[in-house]
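K.L.:
Residues per chain, in single letters:
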Amino acid sequence: MSRIYERSLIIIINKDEISAFEKFVNEQFEINRLNIFNILSSADNCLVSLEVSQSEIVKKYSTQFLNSIKGVEIKDENKLIFEYCNIFARDVSHLFKNHVEIELLLSIDHRIQTDIDYRIFATELAKSLKIKMTYMITDFEHYDLILHNRDELKIRISNIESLNNEIELIEAIKLMTENVAAHNKP
Amino acid sequence: MGLNSTYIITIEKHKLNRVNVYLKNNCRLNEKQLDSPIMSKDGCMVLLLEVDSCIKKYIRNYYYGGRFSGNYQDENLEDRIENNQTSIGCVDFSIEEFNNKLNIKFVCVASSMSHLFAESTSIRKWFIELCKFAEAETGIFDCENEYFELIWFKNKECHLQISPEILYDFKFYPEKKPSLEPINDLLNASFDYAYKHKR
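In the order they appear, the protein sequences are chains A and B.
My numbering numbers the first residue of the first sequence as 1 and each following residue consecutively.
My numbering numbers the first residue of the second sequence as 1 and each following residue consecutively.
What the hints contain is simulated information worked out from the structure, not anything from laboratory work.
Just so you know, these numbers come straight off a predicted model, no measurement behind them.
Any given hint could turn out to be false.
To be verified - Derived DSSO-like pairs (lysine-lysine); straight-line CA-CA distance at most 30 Å:
no., chain 1, residue 1, chain 2, residue 2
1, B, 101, B, 13
2, B, 125, A, 174
3, A, 130, A, 75
4, B, 125, B, 13
5, B, 154, B, 57
6, A, 174, B, 15
7, A, 154, B, 13
8, A, 15, A, 154
9, B, 156, A, 174
10, B, 156, A, 154
11, B, 56, A, 174
12, B, 105, A, 174
13, B, 101, B, 132
14, B, 13, B, 132
15, A, 97, A, 75
16, B, 15, A, 154
17, A, 174, B, 57
18, A, 174, B, 101
19, A, 174, B, 132
20, A, 97, A, 127
When you get a sec, could you build the whole thing from the sequences and use the hints?
P.N.:
What follows is the structure in structure tokens.
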């Protein structure tokens, strides 16, 4: 039995961008059934197949091996289709005015889990619509910021729950910056 | 190039003597260091530690795995452990003053020691106890090139890890006045996701 990992890609967009997101997903996935407002109002999720450029994986593994993985299909030499992608959505206007958080939750076989580069998908998405931010959650422990207002970033924060709240976190990072900068002074 | 991971303990300047007392009680000192480990300016500290599995593995590999030959080969592993305690070092030791504060730094001298410092719970405990005793402002583990981990903040232990890019922006490009906005947004969003989001 192969183990299955769950990894989330979080996309935060203005509500005005929802139709552009739906269009992107519907075109990419060759479906026409994604309706974010339905997901928002019903608090339910939508299961889709996610098609992404992952040429490195296709090059790295044999076709036979990739075909043996449940839920993965080879589209062509550059693309893979992940058959089980859950899409969730919730209103996050309390954080960012008039914004919605869309979560793509992929169930992935552990054998290729570390090979998948979500940045490619996030970057492709950012070409089609205006994104507030995109980040990835791994093992409910690591938060990796990928995009922020069109800037590609690599920021990882882990174990945030060891502090009490957001204010304390910001305070901690400011202090770390000050004390580490003194340590690394040229 | 080897790894030189570092524990950085930041204290208010007037609390330096507390560090001195802690080091006297928790290090194996040489003659020069006996009076005052800090004032001796001997940049080598040998830590007295409880043995955990990482330390046991380190001692076995380091002293018996071919890294060193000679005297160490004649010792038994048990000879280096007494009452479940052992010593690890030299660890490079230095102090840096800034803004009326002091950074007390313990720098690993080799990659193998860096890996040990990243993994051993006993070593982590040693530094947490130092932070507690010295009433440190922050305790930070710099796992070179990988992450910075805040281990002590506001008088309590924590485990916040952040990628170096965040701090490097501030360190190397202060003239750019790097924005905290991406970090703020990530923290707000992830905290909200982790705690307020019920599916």
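K.L.:
Taking the hints in turn, state whether each one holds.
P.N.:
Verification of the supplied hints:
| no. | hint | in the structure |
| --- | --- | --- |
| 1 | B:101 - B:13 | holds, 5 Å |
| 2 | B:125 - A:174 | holds, 24 Å |
| 3 | A:130 - A:75 | holds, 27 Å |
| 4 | B:125 - B:13 | holds, 23 Å |
| 5 | B:154 - B:57 | violated, 34 Å |
| 6 | A:174 - B:15 | holds, 22 Å |
| 7 | A:154 - B:13 | violated, 35 Å |
| 8 | A:15 - A:154 | holds, 26 Å |
| 9 | B:156 - A:174 | holds, 17 Å |
| 10 | B:156 - A:154 | holds, 28 Å |
| 11 | B:56 - A:174 | violated, 37 Å |
| 12 | B:105 - A:174 | holds, 19 Å |
| 13 | B:101 - B:132 | holds, 16 Å |
| 14 | B:13 - B:132 | holds, 16 Å |
| 15 | A:97 - A:75 | violated, 38 Å |
| 16 | B:15 - A:154 | violated, 37 Å |
| 17 | A:174 - B:57 | violated, 37 Å |
| 18 | A:174 - B:101 | holds, 15 Å |
| 19 | A:174 - B:132 | holds, 21 Å |
| 20 | A:97 - A:127 | holds, 22 Å |
Checked against the numbered hints given earlier, the structure breaks hints 5, 7, 11, 15, 16 and 17 and satisfies all the rest.
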